[in-house]
Amino acid sequence: MVNKKKVFGKMEVSKNSFKTLSEPVKQFGGLVGIIILIFLTFFVLNNIFGEGDELVAKMKIEEERIAQERKLNKLISSLPSGVLVSFDGTDNFRLSDELYEAVCKATKLIPQRAIMGANFLNFRAHEIYTINGNKIDETFVKWDDEKNKCFAGFVVSGNNVGVDETIKVSGEALSFLSTGIDTRVYFIKNF
Amino acid sequence: MKKLIFFILFSSLITSLASARSTGCKEGNCDNGYGKWVYTDKTTYEGEWVATKKHGQGTETWPNGYIYKGQFKESQWNGIGILFFPDGSTYEGEWANGFMNGEGTFTWSDGKQKKGIWKNGSFQE
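Top to bottom, those sequences are chains A and B. So in our numbering, the last spot in the first sequence is 182, and the numbers never skip. So in our numbering, the last spot in the second sequence is 126, and the numbers never skip.
Hint data in this document are derived by calculation from the structure and do not stem from the laboratory. For glycine and all other residues, C-beta sits at the position ideal for the given N, C-alpha and C. Accuracy of the hints is not assured; some may be wrong.
Simulated crosslink set (EDC-like; lysine to aspartate or glutamate; CA at most 20 Å straight-line) [what the hints assert, rightly or not]:
hint: 1; chain 1: B; residue 1: K70; chain 2: B; residue 2: E28
hint: 2; chain 1: B; residue 1: K116; chain 2: B; residue 2: E104
hint: 3; chain 1: B; residue 1: K43; chain 2: A; residue 2: E163
hint: 4; chain 1: B; residue 1: K120; chain 2: B; residue 2: E95
hint: 5; chain 1: A; residue 1: K133; chain 2: A; residue 2: D82
hint: 6; chain 1: A; residue 1: K126; chain 2: A; residue 2: E60
hint: 7; chain 1: A; residue 1: K99; chain 2: A; residue 2: D88
hint: 8; chain 1: A; residue 1: K99; chain 2: A; residue 2: D44
hint: 9; chain 1: A; residue 1: K99; chain 2: A; residue 2: D135
hint: 10; chain 1: A; residue 1: K96; chain 2: A; residue 2: E53
hint: 11; chain 1: A; residue 1: K126; chain 2: B; residue 2: D42
hint: 12; chain 1: B; residue 1: K115; chain 2: B; residue 2: E75
hint: 13; chain 1: A; residue 1: K65; chain 2: A; residue 2: E163
hint: 14; chain 1: A; residue 1: K133; chain 2: A; residue 2: E92
hint: 15; chain 1: B; residue 1: K43; chain 2: A; residue 2: D82
hint: 16; chain 1: A; residue 1: K140; chain 2: B; residue 2: D111
hint: 17; chain 1: B; residue 1: K113; chain 2: A; residue 2: E163
hint: 18; chain 1: B; residue 1: K113; chain 2: A; residue 2: D135
hint: 19; chain 1: A; residue 1: K96; chain 2: A; residue 2: D136
hint: 20; chain 1: A; residue 1: K99; chain 2: A; residue 2: E89
hint: 21; chain 1: A; residue 1: K99; chain 2: B; residue 2: D42
hint: 22; chain 1: A; residue 1: K99; chain 2: A; residue 2: E60
hint: 23; chain 1: B; residue 1: K120; chain 2: A; residue 2: E118
hint: 24; chain 1: A; residue 1: K62; chain 2: A; residue 2: D88
If you want a taste of the chain A side facing chain B, the calculated C-beta under 8 Å gives, among others [as the list claims (entries may be wrong)]:
hint: 25; residue: M50
hint: 26; residue: F84
hint: 27; residue: R104
hint: 28; residue: A105
hint: 29; residue: F114
hint: 30; residue: L165
hint: 31; residue: S166
hint: 32; residue: T170
hint: 33; residue: Y177
A few chain A residues that don't get close to chain B, going by computed Cβ distances all over 12 Å [stated by the list, open to error]:
hint: 34; residue: G24
hint: 35; residue: N113
hint: 36; residue: T130
hint: 37; residue: S148
hint: 38; residue: F167
Please put together the full structure from these sequences, using the hints given.
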């Protein structure tokens, strides 16, 4: 009971001393209080929902990816429209080693004729491809840093005479088609 | 707004008309006889036709550089023919159902050769 009285007494004193403060000081104190409250709120929310450093790292990677994509798109639009090859002996535009790598990294599409061409040397893949109405499960275009070559391919799967099969066809991507908007793999050498 | 819609419709009509004019039988007789057919992906076939099918001697050129010169049967590569790959490699020999089937020689662009019997595109060791 005595303690309670003491506490209430102290509170009363601080209340009175607050009242004695001038108006600008009170307002400043209020402002600082609000700012601290906001910071604390964000700190708590960030701890609950935020990803901190992980998010920053992710954003950096995304920014780098966008910058790289922009660079590649600029390069693609500077290429002549038509067939681009990585080998000599044709009238088509010959890609330099540097351009070959860049075009490979920018290419995502593989048109039907390139798939049909690769299937000449893979009869099983051709069978599954035609049985399933020319359906492709997956296509890929990858730059191999070790071999300094571009590889492209596709995966076909389906039921062939009662047997479920999945076949991956891949080979060196030696020519591309530049449409002015994008590039496509034009020739997969799988022999 | 109406003008814009009209312009879009008119442009698509012109584009489809132009596309239709550039594909199909472009020269000769593509039913029975000798004619040139252009497909929508710019693949062309020039040669003999029987009952609207590629049949006899002909040349099929794919836009990505594959060229087949030889015999066709029921629209498929069948008989004796030569296929030129885009990189300069070739296969010359027998074909059946659109595949290397029978005796033939595969020549890589660097001159290396493989001669023998082929079955469905695979070399028989």
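Unmet hints by their number, sorted upward, for this structure: 3, 5, 6, 8, 12, 13, 18, 25, 26, 32, 35 and 38
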